[in-house]
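Since chain X is already given, all that's left is putting chain U on it; use the hints.
Heads up: the protein sequence lines correspond to chains X and U, in order.
My numbering numbers the first residue of the first sequence as 1 and each following residue consecutively.
My numbering numbers the first residue of the second sequence as 1001 and each following residue consecutively.
Honestly, the hints are just simulated from the structure, not real lab data.
Ideal Cβ placement from N, Cα and C applies to all residues, glycine included.
Mixed in with the good hints, there may be bad ones.
[To be verified] Mimicking DSS-like on lysine-lysine, the simulated pairs with C-alpha atoms at most 27 Å apart in a straight line are:
| hint | chain 1 | residue 1 | chain 2 | residue 2 |
| --- | --- | --- | --- | --- |
| 1 | X | 31 | U | 1031 |
| 2 | X | 75 | U | 1031 |
| 3 | X | 31 | U | 1075 |
| 4 | U | 1029 | X | 75 |
| 5 | X | 29 | U | 1236 |
| 6 | U | 1029 | X | 41 |
| 7 | U | 1041 | U | 1011 |
| 8 | U | 1011 | X | 11 |
| 9 | U | 1011 | X | 29 |
| 10 | U | 1031 | X | 29 |
| 11 | U | 1075 | X | 22 |
[What the hints assert, rightly or not] Output of the computed footprint for chain X on chain U, the stretches with three or more beta carbons under 8 Å from beta carbons of chain X:
| hint | region |
| --- | --- |
| 12 | 1172-1180 |
| 13 | 1272-1281 |
2 protein chains.
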Amino acid sequence: MSEFRQNLATKEWVILSADRGKRPSDFIKEKPQREPAPPHKADCPFCQGNEHLTAEPTLIYSQEGQWVVRVVPNKFAALQPDQDTRRSLVGAFLSAHGFGIAEVVIEHPQHNLTLARMKVEGVATVLRAYRDRQQAISRNPNVNLVTIFRNHGPRAGTSLVHPHSQIIATPIVPPHVRNPWEQAIGYYDETGRCVYCDMMREELRQGYRIIAETERFVAFCPFAARSPYEARIYPKRHMPSFVSMKDDDLGDMAGILRDLLARLFYCLDDPDYNFIIRSAAIGDEDVRYLHWYMVVIPKVSIPAGFEMGSGIYINSVAPEDSARALRDTHINLA
Amino acid sequence: MSEFRQNLATKEWVILSADRGKRPSDFIKEKPQREPAPPHKADCPFCQGNEHLTAEPTLIYSQEGQWVVRVVPNKFAALQPDQDTRRSLVGAFLSAHGFGIAEVVIEHPQHNLTLARMKVEGVATVLRAYRDRQQAISRNPNVNLVTIFRNHGPRAGTSLVHPHSQIIATPIVPPHVRNPWEQAIGYYDETGRCVYCDMMREELRQGYRIIAETERFVAFCPFAARSPYEARIYPKRHMPSFVSMKDDDLGDMAGILRDLLARLFYCLDDPDYNFIIRSAAIGDEDVRYLHWYMVVIPKVSIPAGFEMGSGIYINSVAPEDSARALRDTHINLA
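If we strip away everything but chain X, and leave its shape as in the complex, we get (with noise of 0.2 Å):
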């Protein structure tokens, strides 16, 4: 017995396939064993005392006089931001120079202590290096989008093992993004409600999918998840973009987060994954019909030509069992 769901938000279908159910262990057998980092490494660009290795840092977080949060221009930048934005045809193809804003955040010092096994205030500095950033990038009239995420792990697309994450601001707003707004804005329209705060109330009301709570947050896998493991954490409040955090909420924010990738990291036995924010365009701050939000996926299956040629994700774990096994989950940390 299988089912059809859709994301109420951009009405995209998922398959869940309750016949391939599989529990966490199944994921823990399919993955290849990864060697344990050093806590420092000679040659790792990121580590104390190689920070000549970076470009001159765009953003510095201390503490008793030592760097807990780098933010350094990405060396290997697919964009970059001395080129033009003007769009040209190429015979009746569109095209435009590779202008954008590739950054790196460095997220601590040491090269193997990662998110999912810091502490809080850790957690916490790094969402405000992303908050700072993505404030002071909104302020070039040129970038209309700024996206934030990480990938951890060589099947979430890094070979780099030092804890970090990255930003790019692109000029453009790709349909991939754009589409799930008009969504939003064709819901808001019919019923006067941010479609993702109707939800996130929806989620908290049925109660299955939750995996943890704060005052601010709340973390939970998603009706429609395309994925096993799949989880979301959206705010409580209503907030289209990532750039209103104040500082309160990142601290807040920075408990479940910590929350919830330890127990992904002692659920799946640290699992690659990619966690990104999807937050509103520059100048949408303050619209009534978005809301910001991130979600981490957990690399445990490979979507093929069906995913590629639909979009529609067959996902073998219900979503209410891969939260259950989330909350059951034994985290051991301070």
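Quick look at chain U alone, frame taken from chain X:
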């Protein structure tokens, strides 16, 4: 120097990051080694002599008293034809039973003979099976979309070595498929022309990205290719759905498809890949604004957080260079 390029049909953007430009040999080095497969495997459910291990076929093509292509229901189907298609609410969320049709096309009796090295007549028979099954499945009034695809190798999402492709028919047309069609309707309303016909004409006019051409088909790396060596095959004649393929079309397409897959095989040392036939929904077989095509995506890069968040792909090889490498590849087949 990098560059944004827009897909004329979908309006999606990609980033060409030429600084990261890579030659075919770079991708070969990154590929995990694979064991050569034997021509017959005693426990393979798709091998000759093991026909009793699959469900009753929905289609068999034979030659000289022996099957050459078998189509069977997928034993591990995520969707089942005996479900009803009513949609219902779970609180505020939409859900439906897992109605659908999932079949496997066993492309050849031999365990290790893939499309890239089959005879053109064999490839034509596989394409005939696709077409005939799509025609038959399209008569089911509850089916709205038929997706035909092939996952080759573990990085492309398959673990079964025996050459096979898949057909999945769904009761829904998801936004991922519908949204580009809406762009195509907009283009048609504005210009009176099919945007895919125009794209193909422009590719033929510019010429740099053409890999091969026959009387009825053209294979090229598209202007806004999302990943290295991504290639497409378009019918030259306006044809919204693969169901409209005539026998002569199938024979002509088999030649160019075998040629393209052989070029990929020799250029990238038998890469893992997906291919997908993007074809109109059932009932849209005669519309003037759609055009079926096949997209072939070698799995040589990993979409990470940025791609997942923005839908903007960073391609490290210009499609002009991919096309030239494929054109220049020496293929060594009968």
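- Go through the numbered hints given earlier and state which of them the structure violates, listing their numbers in rising order. 5, 7, 9
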